[in-house]
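Q: Now for the letters of each chain:
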Amino acid sequence: SQQGEEDPQALSIQEGENATMNCSYKTSINNLQWYRQNSGRGLVHLILIRSNEREKHSGRLRVTLDTSKKSSSLLITASRAADTASYFCAIPSSNTGKLIFGQGTTLQVKP
Amino acid sequence: DAGVIQSPRHEVTEMGQEVTLRCKPISGHDYLFWYRQTMMRGLELLIYFNNNVPIDDSGMPEDRFSAKMPNASFSTLKIQPSEPRDSAVYFCASSSASGYTFGSGTRLTVV
Chain G
8 SQQGEEDPQA
18 LSIQEGENAT
28 MNCSYKTSIN
38 NLQWYRQNSG
48 RGLVHLILIR
58 SNEREKHSGR
68 LRVTLDTSKK
78 SSSLLITASR
88 AADTASYFCA
98 IPSSNTGKLI
108 FGQGTTLQVK
118 P
Chain A
50 DAGVIQSPRH
60 EVTEMGQEVT
70 LRCKPISGHD
80 YLFWYRQTMM
90 RGLELLIYFN
100 NNVPIDDSGM
110 PEDRFSAKMP
120 NASFSTLKIQ
130 PSEPRDSAVY
140 FCASSSASGY
150 TFGSGTRLTV
160 V
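Protein sequences, first through last, are from chains G and A. Everything in the first sequence is counted per the working numbering, starting at 8 for the first residue and increasing by one. Everything in the second sequence is counted per the working numbering, starting at 50 for the first residue and increasing by one.
Extracted from the complex, chain A is given alone in its bound form (with noise of 0.2 Å):
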């Protein structure tokens, strides 16, 4: 398995663009979380799913964030419109009960 995929690695936007990162997460795994990571906040979990259904987006900061996860195999987190503050990194994880997978996440840099 080649672990949790995340999609792009690095990006750069100008401030008031859209913003799409995308995960794939291990086949099998009934769980899937984004984290946005930040110098000043840490690990912070913006939402996660269950068998593709959001349990918890309660930490979604602003309604400019929305995630979906159209099937098992894919995970989307949209910024729109992107704001300097957004700027961090973005990481994808997805679990069963074996336990945790990390994507090597995006980096995101909102001009």
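Pulled out of the complex, with its shape left as it was, chain G reads as follows (with noise of 0.2 Å):
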């Protein structure tokens, strides 16, 4: 299966401290990309990165890529309240242009 699987599922953690979500997959990949999903609300993109990079960022955002270890983390540093949402992980297919997503994980952001 290509879909990513999520790590841990539910996360919960104080404004101000970091949030690491994992996300391992199955098979190669030319990008990983990672969507935020606030509660009622359609899917955002957040950030995507290519199969030859291996960190990116953006503001408090930072994803790293193991292509070795089938895996990709998404940080968010500094977190606020306003993060509290659901995560995922998301890989298009190689040869057609459908996206696959994980389970997702949720996050909350205690004030």
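Since no wrong hints were added, every one of them can be taken at face value.
Heads up, simulated DMTMM-like pairs for lysine to aspartate or glutamate below, C-alpha to C-alpha not over 25 Å straight-line: (1) A:Lys117 - A:Glu67; (2) A:Lys73 - A:Asp112; (3) G:Lys33 - A:Glu93; (4) G:Lys33 - A:Asp106; (5) G:Lys33 - G:Asp14; (6) G:Lys77 - A:Glu93.
Residues of chain G clear of chain A, computed beta-carbon distances all greater than 12 Å: (7) Asp14; (8) Leu18; (9) Asn25; (10) Ala26; (11) Thr34; (12) Leu82; (13) Arg87; (14) Pro118.
Which stretches of chain G does chain A cover? Using the computed rule of at least three CB atoms under 8 Å from a CB of chain A, they are: (15) 44 to 55; (16) 105 to 117.
Hint data in this document are derived by calculation from the structure and do not stem from the laboratory. Where a beta carbon is used, it is the ideal one built from N, C-alpha and C, also for glycine.
Two chains, two separate frames, one set of hints: put the complex together.
A: Laid out in structure tokens, this is it:
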């Protein structure tokens, strides 16, 4: 299966702490994407990391990719209550355009 | 650009009724995806189109589900007849080489 699997399923932290979510997958990839979904809302694209990249930053977000271990991590630094959401990793099929999502990590940031 | 537009935002219908969900993708995006999200199964890809042509409908759960894309700016997902187990949030997404954009979803409740 090309589906990514996130770990942990749920994470609860205090505001100001860092949050780390992991994603593992089984097949070779061209890129891996992270999305955020606030409760009752659609998914928002956060960051895309290509298979030849090891790390990427966007504001307080840091994504790493280890293709040898077939894993990626999303780090949110100095978390805020507004970061409370579900976070998904997604992998596009190598020979089609479709995007397959993992089950997600639910992050709660307590004020 | 207004993003991917889905309608209606909420739909409550009685079992056995026909339901039609609508999506307007971002202009210039050549892929369109329909996803369904439930607590039990997470995000499932139902069907996707490339240049208005259905490419993979293997995720469509039953013959009660059908999707069309008559032109580049419009797609529908129809359920006929609807059943309570179809209750979910249905997302439409469109993509191009620059990335994926999701709509806000249609929350369907079949009673």
